[in-house]
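Participant: With these hints in hand, go ahead and build the complete structure from the sequences.
Chain by chain, the residues run as shown.
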Amino acid sequence: MNVHPPERLRPDLSLISDWIPPQTHILDLGCGEGALLAYLHEERGVTGYGLEIDEDEIAAAVARGVNVIQGDVDDGLQQFATGSFDFVVMTQALQALQRPDLAIGEMLRVGRTAIVTFPNFGHWMARIDVLGGRMPRTRTMPDNWYDSDNIHLCTVRDFETLCQDNGWRITRRNLLNHDHQDGWLQRFSPNLFTEIAVYMLESEQRRI
Amino acid sequence: MSKPHFGNASVGIVTPEILHFDQPIRLECGRQLNQFDLAVETYGTLNADRSNAVLVCHALSGDHHAAGYHSAEDRKPGWWDSCIGPGKPIDTNRLFVVSLNNLGGCAGSSGPASINPETGSYWGSDFPMVTVRDWVRAQAMLADRLGIERWAACVGGSLGGMQVMQWAIDEPDRVGHAVIIAATPKLSAQNIAFNEIARQAIFSDPDFHSGRYLDKGVTPERGLRLARMLGHITYLSDEAMREKFGRMRRSDILGYDFDVEFEVESYLRYQGQQFVSRFDANTYLLMTKALDYFDPAAEYGGDLAAAMERVQCRSLVIAFEADWRFSPERSREIVHALVAARKPVAYVSVPSSLGHDDFLMPIPYYHRVLGDYLARVARQHGS
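So the protein lines, in turn, are chains A and B. The opening residue of the first sequence carries number 800 in the working numbering; numbering runs sequentially from there. The opening residue of the second sequence carries number 10 in the working numbering; numbering runs sequentially from there.
Do not rely on the hints blindly, as some may be mistaken.
What the hints assert, rightly or not - So these bits of chain A aren't anywhere near chain B, every CB distance computed over 12 Å:
(1) S816
(2) N949
(3) P989
What the hints assert, rightly or not - Label pairs and their calculated CB-CB ranges:
(4) E330/B <-> G966/A: 37 to 47 Å
(5) G904/A <-> Q389/B: 48 to 58 Å
(6) G966/A <-> D182/B: 45 to 55 Å
(7) G966/A <-> A198/B: 38 to 48 Å
(8) K85/B <-> G904/A: 51 to 61 Å
(9) D31/B <-> Q878/A: 21 to 31 Å
(10) A880/A <-> E330/B: 51 to 61 Å
(11) D871/A <-> R221/B: 53 to 63 Å
(12) Y265/B <-> Q878/A: 45 to 55 Å
Since the hints were derived computationally from the structure, they do not count as laboratory data. Bear in mind the structure is a predicted one, so any value in this text is a computation, not a measurement. Cβ coordinates follow ideal geometry from the N, Cα and C atoms, glycine included.
Facilitator: Structure below.
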């Protein structure tokens, strides 16, 4: 497997990689060309699989020796047994799913812990666009409303409400600006200044 | 090897070899062959540490002639020439490819159409029933003969993919990578039903003579032709047949008789006729039965994941969306079993239109994935 030094990993992936302990077994939903899986395997002895639908990404993942499985998260994760992974990761894909809530539920069924990242619709730049009467086009949401894959955008507050309603415990949270830094602005007003949100979740039911 | 007029992407002219084995092979049916022959072709060069060998396993009607031409006059290359050759997905510049005709075949290996050395007459229906596991055993003996301790990869489509799966389970130490294409972990009732009709077609031919037709100097051509026509329908998708033939007729005027009128009738008759000139009916019976019997999970209480626990190699599983004979769903069963056993696997479902036969076609996405995967395998062995 190719070695990718941490600095070459996409910043949000780099952050997530620090949350995943060595020798664990993970599932990466929407794994792209498998950069995270390849890095974690090489550096931490992490094993697991990636799910992906894009042909070019799949071909690239196969070429670098990643365990990529062609499949659509929207079709569900029935093929994976309950509790078969330590971590289930989904980066920047939640907002493009048919039913993000069902997907997270499935992630917490097949895995002990879920890690999700998404662009925050509540960021002040998005709000300004909406106040101006337009759908937002920002650095983290660059597409037009009609050609965007993002069909279920949410804010940090929306997301935390969803977690609460479903009994998902937020065990870790990292709210970042576009440069993937967390600063005083994000801490001061998370929903206004977060551009990319990263959450670690566990299912409360299983704890009991 | 001189090959100017076949182009640079061909392995050129190849010469099959018949290898004789004097060791007995015990078969799953309980019988034993005291000696046997295997027809073999190889392409490319075995490296110094004998680590770059790839086994190609053939499907129902295939044989050892997978690539290249037998003579300068040969019009058609081997059955998987689109995939095997210099710079092709199974790159003979880097890999040493071994292709054989399986036991029970009719292209030079010991089978019903060969002579039983103990009686001096045709084996015919006396040839023992062979299984996928028996083939793997014979292929392992072939590997020993060639001095190949471990295959860099085993590759096969359809029934060939099932042999690859069996290799990974039965001989985990001898397989570096398993490439399982358009296969299934076991046949469905529908699959078996089609095979049974094919067999009944052969049995019902008056020239079949309980399988002893070669002794009588005849062949059950009508039965075998029907079997092949039926098979062909299952190799093509409804869409492909519609696109290729539609309701096209050879003449605008309806004949009001049972001569060939629709193009699809003509196609099936042609395919059937081509087949009977090169294939043996008893071999067809054996191959369909080997398909029906294949079920590696059976001895693990039907738990395929338990069978896959034995696997030690990486796997690449490829399916084709238009394939309804062994649909992508069947390939996903293989993948899920490997995932449940925590074995490394990649799975690709190729958008396609032809049907089961897509695995023989040079579909760009398919060949890109297969080529990139095997290029990594070749690099692992320094070629």
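Participant: Mind checking the hinted window 45 to 55 Å against the Cβ distance between Y265/B and Q878/A?
Facilitator: Check passed, 53 Å falls within 45 to 55 Å.
Participant: Just want to verify: S816/A was marked as not at the interface with chain B; is every Cβ pair farther apart than 12 Å?
Facilitator: Per Cβ check, S816/A is outside 12 Å of chain B; nearest 20 Å; holds.
Participant: Does the hinted range 48 to 58 Å hold for G904/A and Q389/B at CB?
Facilitator: About 40 Å separates the Cβ atoms of G904/A and Q389/B, which means 48 to 58 Å is violated.
Participant: State, for the Cβ atoms of K85/B and G904/A, whether the hinted interval 51 to 61 Å holds or is violated.
Facilitator: Because 55 Å falls inside the window, the suggested range holds.
Participant: Confirm or reject the claim that D871/A and R221/B have a C-beta distance inside 53 to 63 Å.
Facilitator: holds (54 Å)
Participant: 21 to 31 Å was suggested as the range; check whether the CB atoms of D31/B and Q878/A agree with it.
Facilitator: violated (47 Å)
Participant: For the pair E330/B and G966/A, does the Cβ-Cβ distance stay inside 37 to 47 Å?
Facilitator: Given a distance of about 39 Å, which is inside 37 to 47 Å, the answer is holds.
Participant: Could you say whether the range 45 to 55 Å given as a hint is met by the Cβ separation of G966/A and D182/B?
Facilitator: holds (47 Å)
Participant: Would you say the C-beta atoms of G966/A and A198/B sit inside 38 to 48 Å of each other?
Facilitator: holds (43 Å)
Participant: Between A880/A and E330/B, is the Cβ distance one that fits in 51 to 61 Å?
Facilitator: Because 26 Å falls outside the window, the suggested range is violated.
Participant: Just double-check P989/A for me: nearest Cβ-Cβ distance to chain B has to come out over 12 Å.
Facilitator: It holds; P989/A is separated from chain B by about 37 Å at its closest Cβ, greater than 12 Å.
Participant: Against chain B, does N949/A hold up as non-interface, every C-beta pair farther apart than 12 Å?
Facilitator: At about 25 Å from chain B, N949/A clears the 12 Å cut-off, so the statement holds.
Of the numbered hints listed earlier, those contradicted by the structure are 5, 9 and 10.
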